[in-house]
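Using the sequences and the hints, build the whole thing.
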Amino acid sequence: MNQPLSFFTAPKKEPPFSSNELLAYNLALALRDGEVVLTGANNALPVAACRLAQLLHAPNLSFLGGGGGSVNSLVEPLVFPSCDYSYLAAEAVLPLPELIMLQGRPGFINTFFAGGMQVDQFGNCNLSSIGPDWQQPLLRGPGAASLPFMSRFGRTIIYLSAHTPRIFVPKVDFITGPGFLHGAVDFARAQQVLLADGGEYVRPTPLSSTGPALVATPLALLDFDESSKRMRLLSLHPGVTLAQVQAATGFDLLIPAAVPITPSPDAATVKLIRSFDTEGVLRQ
Amino acid sequence: MEEQQARTNKLRTAEEAIREMVPNPCPVLAVGGMHQQNAPMTLVREVIRQRIRIGRLITSPSASIQADLLIAAGLVEEIVTSYVGFEYLGLAPAFRRAVEAGKLRLVEADAPLLVYGLQAAAAGQPFATLPPGLELSDVHRAAPTFYKWTTDPYTGVPALCVPPLRPTVALIHCQQADEFGNAIFRGSVFTDRLMAMAAERTIVQVENVVRASSLYSMATQVGLPAALVAGVVEQAFGNHPCASHRYYNHDEPHLKDYVKKGGTVEGMTAYLQRYVYEPDSHEEYMLRVRTDTPDSFTSPSL
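From first to last, the protein sequence lines are chains A and B. If you count by the numbering used here, then the first sequence holds residues 1 to 284, one letter each, in order. If you count by the numbering used here, then the second sequence holds residues 1 to 302, one letter each, in order.
Where hints are given, some of them may not hold.
[To be verified] For lysine-lysine, the following DSS-like pairs were computed, each having C-alpha atoms within a straight-line distance of at most 30 Å:
#1 LYS171/A x LYS261/B
#2 LYS103/B x LYS256/B
#3 LYS148/B x LYS171/A
#4 LYS260/B x LYS103/B
[Said to hold, decoys possible] So these bits of chain B aren't anywhere near chain A, every CB distance computed over 12 Å:
#5 GLY74
#6 VAL189
#7 ASP192
#8 PRO279
Since the hints were derived computationally from the structure, they do not count as laboratory data. Ideal placement from N, C-alpha and C gives every residue a C-beta, glycine not left out.
And the structure:
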């Protein structure tokens, strides 16, 4: 046999954490004690982040399962289906119609986890239809779910399982979930003014959402520039280069002078994640 | 003395219930369950077997195979939904193909249209208003026959509204019911109760029928009273390939297979033949499922 000696002497080493475990840790760090967090479909990663946040620094955080209406599920084991029966092992359950009602209540949902087939530089999300004509889509997505409420939630964290120029587009073909709309000026105006029925009206109560706050992908964490509301690189994941992220993004990302590396979870934190992710959903 | 009338027994086979209670064409059909959970698939398959044409299909905020299969069978003219997909298993093949080809009219809804629309129908309200800010989504521009403006009479400012959504028939799953139609939800309810409260007629597909007298000690758990239920169909494992909360999980291998086969028209036709048109009974259906994907069944861990 012509195998190198190292084939026999060096066993294959498992990495200390997976890409999703890295994201779960950093998403947990972004969550705050006492806030109410809403998750939707494909929610294994957000739920892991919420549970980890509770265990680390946010014991008073409450997370809601958007389909089953569970409040603070046990989450052991973490599962893929967002409406799985096991989510009902929880502190409380809100009937779905009431949960949807409460999504409109001002100030109730502090953080919402959203996905998208397309996300643009202002954090608008498209989960509906790709193509210039909504009536004849090139690709029909699943649909709106709770994304239109993004204008009413406190803030939105966008999480994506891939980072490509087809996802990160300069302008989404369809705004399912409104982010910063056409930019800072447009967003600020929309908070105060209602455009309806051909007219402009001052809103009796301004919208108070602070909009998209964070974007998490397998390559990087991104946020939004305070004044322009354009998407900005926040950190590069270990082993990922700036060139890689720029090539994977279909618009010009704002790049800060110094770009840190996304913090890695230490062994104790990984152990904590795996204490409830016993089936390894985040490692698949 | 006159003979005392017996209370009406609403138990039917799936075939009887669909034949007696669902008109063909059916103007508006609501089908319950959310994602891969609690979908009354035996009733859905029977709707397909009887070739019931559906003018408008209303789903829960997230539909899966219960909508996709009806679309695959070419029976749906219009769908009012806020999501049709297979979640972590991928996009819905028939829904996607039909909308992209212009063969299915889609009313792009958000969850509030479904919830407030069904509530308005249940309550007899002329329409329901939505909280401000939702108009910033393109969803409302895409369905102008549904999302309309009115003037808030208290502030003079426009408010977005939705019309009542009144199903002709609602098909939902409850884990149990008695023979008169008092139905019990043993897991998540999603928007199923709402559908039943809004619909002209509701058929409930259950895992097992319980004796009426056993419900008196648990009336707070009876989600639907008999007065809102027209028919009860008892079918163990009737939700397959979807889950029935507390009873069995969804069948992931089968759903993966469906998504894969559904990717082509030929594959979808073959699926419909094998699992919907050919089996003459649920037992025959289950036998084919077990033969084709032996690792199908898992129990809930709760």
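For each hint, the structure was consulted:
1. Of the pairs offered as hints, the one joining LYS171/A and LYS261/B is violated, with about 34 Å between alpha carbons and a cut-off of 30 Å exceeded.
2. Between LYS103/B and LYS256/B the alpha-carbon distance is near 24 Å, which keeps this suggested pair within the 30 Å criterion.
3. Only pairs whose Cα atoms come within 30 Å are accepted, and LYS148/B paired with LYS171/A is accepted, the gap being roughly 26 Å.
4. Pair hint LYS260/B plus LYS103/B holds up; C-alpha atoms about 21 Å apart against a cutoff of 30 Å.
5. With a least beta-carbon separation of about 17 Å from chain A, GLY74/B lies farther than 12 Å from that chain, consistent with its non-interface assignment.
6. For VAL189/B, the shortest C-beta to C-beta distance to chain A comes to about 6 Å, within the 12 Å cut-off, and the non-interface label is violated.
7. A Cβ of chain A approaches the Cβ of ASP192/B within 12 Å, the least distance being about 9 Å, so the stated non-interface status is violated.
8. Separation of PRO279/B from chain A is adequate, the least Cβ-Cβ distance of about 26 Å exceeding the 12 Å criterion.
The structure shown violates the earlier hints numbered 1, 6, 7.
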